[in-house]
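A.B. asks: Chains A and B supply the protein sequences, listed in that same order. Heads up, the first sequence is in our numbering, so the first residue is 1 and it goes up one at a time. Heads up, the second sequence is in our numbering, so the first residue is 1 and it goes up one at a time.
These are calculated hints, taken from the structure and not from any lab test. Among the clues, some could well be false.
What the hints assert, rightly or not - In silico DSBU-like pairs for lysine-lysine, Cα to Cα no more than 35 Å straight-line: (1) A:K90 - B:K151; (2) A:K175 - A:K90; (3) A:K90 - B:K306; (4) B:K80 - A:K91.
Everything numeric in this text was worked out from a predicted model, so none of it was measured.
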Amino acid sequence: MQMKDLIQNLVSGASVGCTYGLMGLGVVFLWQSIRRINFANITPSMVAAYVFYILYSRLGLSFVPSLLGTISVVVVYGLGLRFLIYEEIKKHSGGRLEFVVATLMLCTLFLNLMIVFFGSLPRPFPPVFGKPTDFVSLFGVSISVVYVYIFAIVAILVGFLYFFLNKTLVGKCLKAFAQNEEAAILMGVNVNLMRSISFVLSAVVVGIAGILLAPIYFVSLELGGGTIGVKGFASAVLAGLVNPYGAILGGICIGLIENFSAMFISSTYKDVFAFLILITVLLVKPSGIFVGKLQRRTEEAG
Amino acid sequence: MNRMKTRLKARLVVILCLVASLLYPLFELNEYRIYLMNIGLINCIVASGIVFVTGFAGQISFGQAAFYAIGAYSSAILTKTYKVPLSIGMAIGALISLLLGLALSIPSFKLRAFFLSLVTIGFGQIVHMILINWRSVTGGSYGFFGIPPMKIGGHIFSYGDYYLILLLTLMFVIFVMYKIRYSYIGKCMLAINDDEIAASTCGVNVKKLKMFAFAFSAVVASIAGSIYAHMSGFLTPEPFSFFQSSNFVAMAVIGGLRSILGGLIGGMVLTILPELLRLGKYRGWENYYLIVTSLIVIAIVVRMPKGLSQIPHVLLRRARRNVS
């Protein structure tokens, strides 16, 4: 085993893990807002990857307009999820399980839509983050540019989220709403708006994760499938479903474990390890690992 | 007096339905349709198991396709590779599922709702990956071929015979569920579903009942899987994925989770609906049938959270209101 392989694995595991973390972030935002788990959490990432592919490769737009277009589509998706699924179920007095099944079906619906319109063959993602064959040399180890981009973008995103949640009024309202809805109403927080914001935030974050993962997984149905989605859930669970930064850390952990188990134990069973970790964490410490001292889960997931 | 009459009428309807469904393969000459009905019955059996564990005992399980797979593969491998008699193969498959079902019920002591569903999803995915990757035993994604069919004496079963076997199994499962539902055990289960802590303070043995519910649904799914393996003659890991599990849950939910017939209705609707859309006379629907199916399921789940089995009740209530 060479030092070089080790470092390469470290970098690729951590950066892919970052995107799992972003998906976990989507889960956390929605959990904080509606105390429900969206099983179509992964769908925006597939939608975003395909929309970006259309706008950039087919329509020939440049990077920024395609990104903005993609994000606006994902925002519409998030609002649609709220008003067409969540609110409707609530209106017809459906419970948690109905939401679960509806979102699962939403996931299959979008998978089928993509199969019908694009076929099931993966498409190459436009090389906006450098070609996969481009390498940068870091301490004598060559690392794919894609990974560097992923790191940089996730870092910027997390910084932005930190600023948004802690320094702006809207972000503070969002936090208050997540902690205690009734108290937030009494303090004059517009709960309706906050709920919409959290749906949108959740969808956008997952969508960006999809765009970041697309150079690695290609624009394929895998981005909307179960395996990556479960890894997103796993990173959220590691954060106890409450800590946004914990979700990113959890994602990085899962990415690293996955890569190193592939390297040292068995590459065919690498996904099995991710699930085993998920189950072990749930059994041993269901309140999560990367949870801040003040952020204990107030309510059991019952 | 009036009530007795309606009850008698209801029984008559049930018996007529049973007789009609038993005679169905005699009048149906289209092999493919019987095959489709068989798949539908298999789905009904598995979905009934989910109604039992999720609707009655309140424990979400997304691992049902795993038990289905374990039943199918263990029965297939034992009968083909080890030349074990078919009934013993099925029994061993059911036993493995029973033990794994008991093991899967352990997390449910501590975890609820979403967290439990994640554990069951993880379990399902692990089984699915083992099926794909353990090539020497399961044949991997190339599939497992040459599974011996069921036979009595020298008579190899046709699809019609499988239909009868499946129908009898389903009827037996529903009968057992009916008996349990209105017994002490069923009431305790519903109590757990409503409020676990309250149930346990009233002296309900929550752990035992959860173990029972998981084991029951696992065995039911496993038997359905065994019959499927022998009926189709070959297996691939494809139909045992997470999406199949979620499909089973969708069947149970749109059928009606709290209704004994929920699994039956949901399983049949979700098997036949895609085929109708696919083979229907509407041109250009072939590509879209899966999309339309998922749209319809979403609509049912959103608009009718209690499931399709509530429709007769709702209609009855409306009729009564109109009369009075």
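A.B. asks: Is the hinted pair K90 (chain A) and K306 (chain B) satisfied, with a Cα-Cα distance of at most 35 Å?
C.D. replies: OK: K90 (chain A) and K306 (chain B) at ~13 Å, within 35 Å.
A.B. asks: K175 (chain A) and K90 (chain A): Cα distance at most 35 Å?
C.D. replies: holds (23 Å)
A.B. asks: Does the structure keep K90 (chain A) and K151 (chain B) at a Cα separation of 35 Å or less?
C.D. replies: violated (51 Å)
A.B. asks: If you draw a straight line from the CA of K80 (chain B) to the CA of K91 (chain A), is it 35 Å or shorter?
C.D. replies: violated (53 Å)
When the structure is compared with the earlier hints, violations turn up for hints 1 and 4 and for no others.
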